[in-house]
Amino acid sequence: MTGLHLFSSREKIVVVGAGMAATRFVEELTNRAPDRYDILVIGEEPRLAFNRVLLSSVLAGDLSVDDIELKPRHWWRAAGVSTLSGRKVVGIDAAARRVVLDNGDSVDYSKLLLATGSQAVRLPIEGAGLPGVHTFRDVQDVEALSRLEGRGARAIVIGGGLLGLEAAYGLARRGVDVTLAHVMDRLMERQLDAAAADILRRLVEEKGVRVLLNANTTRIAGSGRVEGIEFADGRTAPADAVIFAVGIRPNADLARQAGLNVGRGAIVDDGLETSEAGVFAIGECAEHRGVCYGLVEPAYEQGRALAMRLAGEEASYCGSVVSTNLKVSGVSVFSAGDYLGQGDARRIVCKDPRMGIYRKLVLRNDRLVGAILVGDTSGAADFLDLIRSGADISAMRDDLMFGAPVQKAA
Amino acid sequence: MLDGILAPAPNENLQADASPIQTTATRSTCPYCGVGCGVLASPGKSVSGDPAHPANFSRLCSKGSALDETLGLDGRLLYPMAHQANGALARVSWDAALDEAADGLRRIIDRHGPDAVAVYLSGQLLTEDYYVANKLMKGFIGSANVDTNSRLCMASTVAGHKRAFGADVVPGCYEDLDQADLIVLVGSNAAWCHPILFQRIMRNKEERAAKVVVIDTRRTATAESADLFLQIAPGADQALFCGLLVHLAKAAACDDDYVRRHTEGLKDALKAAQTIAPSIEATARSTGLREVDIASFFEIFAETPRTVTAFSQGVNQSAQGTDKVNAIINCHLATGRVGKPGASPFSLTGQPNAMGGREVGGLANSLAAHMGFDAESIDRVRRFWNAPRIAKREGLKAVQIFDAVARGDIKALWVVGTNPAASLPNANAARAALAKLELFIVSDNVASNDTINGGAHLLLPAQAWGEKSGTVTNSERRISRQRAFLPAPGETRADWSIFAGVARRMGFEGFDYRSSADVFREHAALSAFENDGSRAFNICGLAKLSDAEYDALEPTQWPIHAGERKGRARLFAEGGFFSKNGRAKFIAPATPGLATPLTKDFPLRLNTGRIRDQWHTMTRTGLSPRLARHLAEPFIEMGASDAGRFGVEDGEFARVATPYGDCVLRAVVTDRQPPGHIFAPIHWTDETAAAARVGGLVAPFLDPFSGQPESKATPAVVTPVRFARQGFVLSRKPMALREGLWWTRVAVAKGFGYRVAGDLQDGDWADIIRAATASDDVIQFIDETRSLLSGAAFVDDRATLIWALAPYAPPWELALELFAREGLARSERLSLLSGRSGRQIANDGPLICSCFGVGQKKIEAAIAQGCRTAPEVGKATRAGSNCGGCRPEIERLIKAFLAVAPSANGMTATQHA
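Line by line, the protein sequences give chains A and B. Residues 1 to 410 (this note's numbering) make up the first sequence, in order. Residues 1 to 913 (this note's numbering) make up the second sequence, in order.
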C-alpha cells in the first residue's frame, strides 16, 4: 500500500464511502481548495461511484451501468484524489486518527469523513431470506432483477414509496408482470396527498404495474425459493421474485463501533461533525437535528457545506427542505415541504385527473411552504427556491400557479 | 263591399300563406326597430341588408346582422297549451284551444258585458294581425279595450301629431336626414336604437357638413358624435323648445307666410312659451343648460332652414310627452319646416310596426283606419264591417287595462306577442293582477315568459319572424312586406289567423280570410272607404292588389290614393292638414315638470331605455351569442359622485329600489350619467335574470293626452350589494339556478351562459356545479388564498360545463372560445383553468364592434398605431365599417387615448401599444 504514503506534506482527509455524497463532497472540496488536502476515498463496491438515483433507469433498460457512473476514473485522477475500491473500512481508531481496512491495512487521517450511506431494509417476516427476494439498492440488485426479463416472470415489489415505484416501473418496462404492494392507503404518502396519489396510482397502472393498497405483507411463501406472497387480509399473490422497497437503514455500525454518538445515524452538528473531533459524517449515514435523510439533495447540501468549512469558508448546515422527484417516464412527480397544508395553510390546487395532472401549492402567511406537482412539474425548481427562501409571494400570487407556460409533460 | 274582397272558402287549418321554403334569398323586413330595414334572408344563411330597400340600401345594424343567430327553436311555443285541473299547462288541439277561447270570451261577455274583455297587442305584430284583432274587438265583441305596447313607446307622438296636424302623420321621410343642414336629436340615442338612420345622419355630417345637436339627459353614444350636446334636465324639453319658439319670434326667424296660410294658435302658444321660457336665462334655469349652449342652439336652429328635429322615447316616455312633441312641432310650424326636403319634425318609431298598428287604429283611443269615435266614423266602420255591436267609445289604454284587471273589471285578457308583466310600468302590480283573470289567453311564440308565468290559462302558438307573412310600416310611413322564408314550426299559426279562428267560433261573420293578402286588401279598402280626403291614412291604391301583386309589393310610402301605386314622401309643405279647417295647430304646452318629486328616501331619477345590441325583452336578440358580447349583463349606470355618495363601486352590484320594486344590477360608474340620474336597460326579464325586471321599478304615471307612462324619471335609490363570489357557468343545457343566487343568462355559442354571483358556501357552489355536471372527466382550479374556484367538465374531449367563480368578475372570453370548440387539446384544458392561453386568443377586451367581432384592445392598439378617426380605425380593424353603430364608442376610445397622450402624434405613441 505504498501509494497511501505518498502525500504526507498536506493535510490528509480519508473519505469512507464512494457514493453520491462522497463524490459531491470531493468535487466541492477540490474545487474550493484544490491543493489543501490529500484526499483518499475508500469505496466498498468494486466499481466507481455511481448515481443511485438513476438505478431505476438502468433497471428499465434506458441506461447502462456505465452511463450512471458519477465521475470517470480520469476525473478522480485529475482532481488529485486517490481512490481505493472494493475495500471496506472495518474500524476507526479515533484517538490515533487511523482507520482499519478489511484486509488488515490501516490508513492514517487528519480528518475523517463517514459517507457510508444506508442499506435497504428487509421486512422481518417469514421467507424474507428466500432466494428470489431482493432489495433495490445496488448495481448488483439491478443486475439480478434484470435477469427476470423475458421469462414471463411475476414480481412483487413491496413498498409504494419512491424507490418501490421506480423498481416496479423498471421491471414493468422489462416485460415483467409486476405487482406493487403498499401497506398504506395511498402511494408515496410521505410526499403526496390523497388526490395526487390517486392520479399517480392510475398513471402507474397505465404503465403496466398492478397496485395493491392497504396490503400488509405477512409472509413470503416458497420452498427453496420465492413462490408467492401473503397479506394480512388474506389476499395472496404468486411471485417469482419479491423486491423489498420498504425503506433504508443508515450504515452507522462503523460509527457506533468507534464510540461516536449514534441515533439512527451518526449524529452530527451544524458543522457536520460527529461527537468525535475531526470525524465528520454526511449523507444517509448521518443524523442531523434528529433527521436521517434518504434523498440525494440533502446529502449534496451537506457535502457542499462541509467542503466549504474544510476549505476555510464560513458555512453551516441547518437542515434541508426536502423535495422529491419521481423519475418514471411519463409520470413526473414533484413534492416538497409541507405538502399537505393543513391547519392555517391555504392551498392552490389545479387538477386534471384524466390528463394525469395535479398541482398543489401550499401557502402560509404569503409564503410558499409546500408543493405537489404530478404530471406537469413545470416550475418545480422555482417553487423549491421559494419554499427554501421563504420569500413573500404576495406580489406574484396571480402568476404563481400559471405563471410558467403550461408545458406538456414528457 | 266585403264580398268583392273575401274569398268564399274558409279553412282555418290553412297555415297562413302557402308554405314558403325557398332556395334563393327572400326579401323581407327586419323585425326590430322602426327604421324598417330591408333584409335578404334564407334558411341557414346569414341575413344581409337588401340593397334595394330605401330605408337602408343594404346596410344593417348589429342586431339585424345577427338575425340568423336568432332563428333556433329553443324555447318556442309550438303547440296550443291549456291550463289543466292540476294547474299545469298541457298540449291541446287547435280545435280545443280555439273553442276554449271562444267559449270563454262568450261566457264573460254574456255575463259581464263586452268591456270585461281586453286585448293587449304588440308593435311587433303585422298590420294584418292588428287589423283582425281590432275588427274582432271593436267591431264584434263591441269593446275598444284594444291597446298595445306601442302605448309605452309612441303614444305621445300620436297624440301630438293629432293635435298639431289633425292626424297621426309623420310629415317627412328618411331622405330628409340626408338633406338636412341641421339635425336635432331630442331624447334619441339613435346611434344605438336607430343605427341605420344614425349612419345616414353621420354620412350627411361627413359629406355635407350637416350639424348635429343632441339633446339628452344622458351622454349617450349619440351625444359623442354631436357638434353640440345639450345635457338637459329631465322633463325640461318643453322649456327648451318654448325658449326656442320665443327666440324664433324675437329673431324674426318665423315663416310668417306659412304660419298665416296654414296654421292657427301661434299667439297663444307663444304666450305660453313666454311664460315658461321668456329668455335664454330663463331657459337655462329651467333646463340646467349653459346659456351659451342654449344661445348656440337657438342661433343655429333659427338660421338653418333645412332642419330636422328627430325625437324618440326621451320625448315620448313622459307624463308630459304629448306637450313635448307639440313644443317641438310648434318650432317647425313657426318656421314652416314641415314636410319640406331636409326640414321636418321627425318621430323615430321604436318598434317595427307600431306605425302599422296606428294606421289600423289598433289603439284604445281610435276606432279604425285613422277614424275616431265620432258618430259618423262609428257608423261608417259599422257599415263597412257589417258589425252591429261596434264599440262606441274609447277603451282603456295599456296601463289602465291592467289597473282594470286588478280591480276585477276586466275578466278576460288576451295578450298577444308582448310581455307586459315585464315591460309595463309598475310591472309587479301588473303581473300580480293577472292572477285575478277568469280567462287569460296568451298568443306568443315563446313557451315561457313573465306574462305567461303570471298564470296564463291558454297559450296559442304564433308564427315568428321569418315564418309569418304580411306588412309593416316604418317611421317614414313606408309599408314593406315581411315575407316568410322558413317553414312554420310545430302547429304555429299567423296571429291574424288565430284571431279569425276565434271570431268564427264566436259566430262572427267577416273573418273568412284565406291569406294575409285578403286581410290587407280589406284593411286598404277600409282606409279608402268613404275617404273624401279627410283621413290622412289612405292606401286605396293597394286595395285591389292581386295575391301575386301583394306578394311582390315594393316598399311604398302612404298615402296611396286611388289609381296610384306609389305614395308620397312628404306631406304638409303646402299645408293641407287634416283638421276640420285644414290648418295645423300650435299647442300651448303645460308648465314643464315631472310627475313625481324626489324624496329623502328616493333621491335619484331612474331613467330606462335600450342598449345597442338587445331588443325589448330579448326573446330574439337574447339568442344571439354575438349580440350578447356587447353588454352581457343587466346594469345600472350612475355618475361617480352618486356612486361615491351611495357607496357603490364600479363593477360591483347595486340594488336599485323605487316605491314600486327593486332590482339588483351590475354597477357601471360612468360620466355618461349626470349627478342625480341613473340609467337601467329594459331588456332583462325573469327569463334572463334573477332580479333585473326593470319594468317593476318604473312609476305608472301617465301623460293625460296619450296615456303613455313616464318611464324615464322614477324616483329611486341605490344601495351597494357585494357578493362573496361572482363568475360564470357555461353549460350545454339550461340550468335551474336556486333562489337567492344572482344570475343572468347570456347567449353563448353552442350552449347557455350564466353570469352568477352569491354568498354561497363552497359546498353549495359545488352542489350547483355537480348537479350540472354529467361527466367524471372534471378539471378544477381552487385557490384558497384568493377564493377562486374554476373548472370544466368534459365528455370525450368536448367541454360540456365550464365555470369560474371569484371575488371579482373573472374574464370569460377564453372560456367562451374554448366552449364553442368541438374538442380541446390537453394544453387547452389547462388554459381553461388558468384563463390564459399560450397564443393570447380571444382576450381582445370587451366587444365593441358586433358586426366584425372586434374588441376594445384591438381598437386601442389601432389608435396607438396612429388611427385618429373612426373610419381610419375601420380601415385598420374593420371595426365600425359595417353598421357603424359602434363608431361613437370608437371615437370615445380615440378621445380617451388623446386625453392621456396629448402629444401623441401617431406612430410614436406607445402607451397603449
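Accuracy of the hints is not assured; some may be wrong.
Ranges of calculated distance between the beta carbons of each label pair, as one might list FRET restraints [said to hold, decoys possible]: (1) THR719/B x SER394/A: 29 to 37 Å; (2) ALA820/B x ARG210/A: 52 to 60 Å; (3) ASP366/A x ASN453/B: 31 to 39 Å; (4) ASP764/B x GLY390/A: 29 to 37 Å; (5) ALA749/B x VAL139/A: 54 to 62 Å; (6) ALA825/B x ALA395/A: 29 to 37 Å; (7) ASP366/A x ALA825/B: 33 to 41 Å; (8) ARG47/A x PRO807/B: 44 to 52 Å; (9) GLU313/A x PRO807/B: 45 to 53 Å.
Bear in mind the hints are in silico, worked out from the structure with no lab data behind them. Computed from a predicted model, the values in this text were never measured in an experiment. Think of the CB as a built atom: it goes at the ideal place given N, C-alpha and C, for glycine as much as any other residue.
Verification of the supplied hints:
1. For the hinted restraint 29 to 37 Å between THR719/B and SER394/A, the CB-CB distance of approximately 32 Å keeps it satisfied.
2. About 42 Å separates the C-beta atoms of ALA820/B and ARG210/A, a value inconsistent with the hinted range of 52 to 60 Å.
3. Between ASP366/A and ASN453/B the Cβ separation comes to about 50 Å, which falls outside the hinted range of 31 to 39 Å.
4. ASP764/B and GLY390/A have their C-beta atoms about 36 Å apart, which keeps the hinted 29 to 37 Å range intact.
5. The hinted window of 54 to 62 Å between ALA749/B and VAL139/A holds, with their beta carbons roughly 60 Å apart.
6. Look at ALA825/B against ALA395/A: about 32 Å separates their beta carbons, and that is inside 29 to 37 Å.
7. As the Cβ distance of ASP366/A to ALA825/B is approximately 34 Å, the hint placing it in 33 to 41 Å holds.
8. Here the CB-CB span from ARG47/A to PRO807/B is close to 59 Å, at odds with the stated 44 to 52 Å.
9. Range check, GLU313/A to PRO807/B: Cβ separation about 49 Å, and the 45 to 53 Å hint holds.
Of the hints listed earlier, those the structure fails to meet are numbers 2, 3, 8, in rising order.
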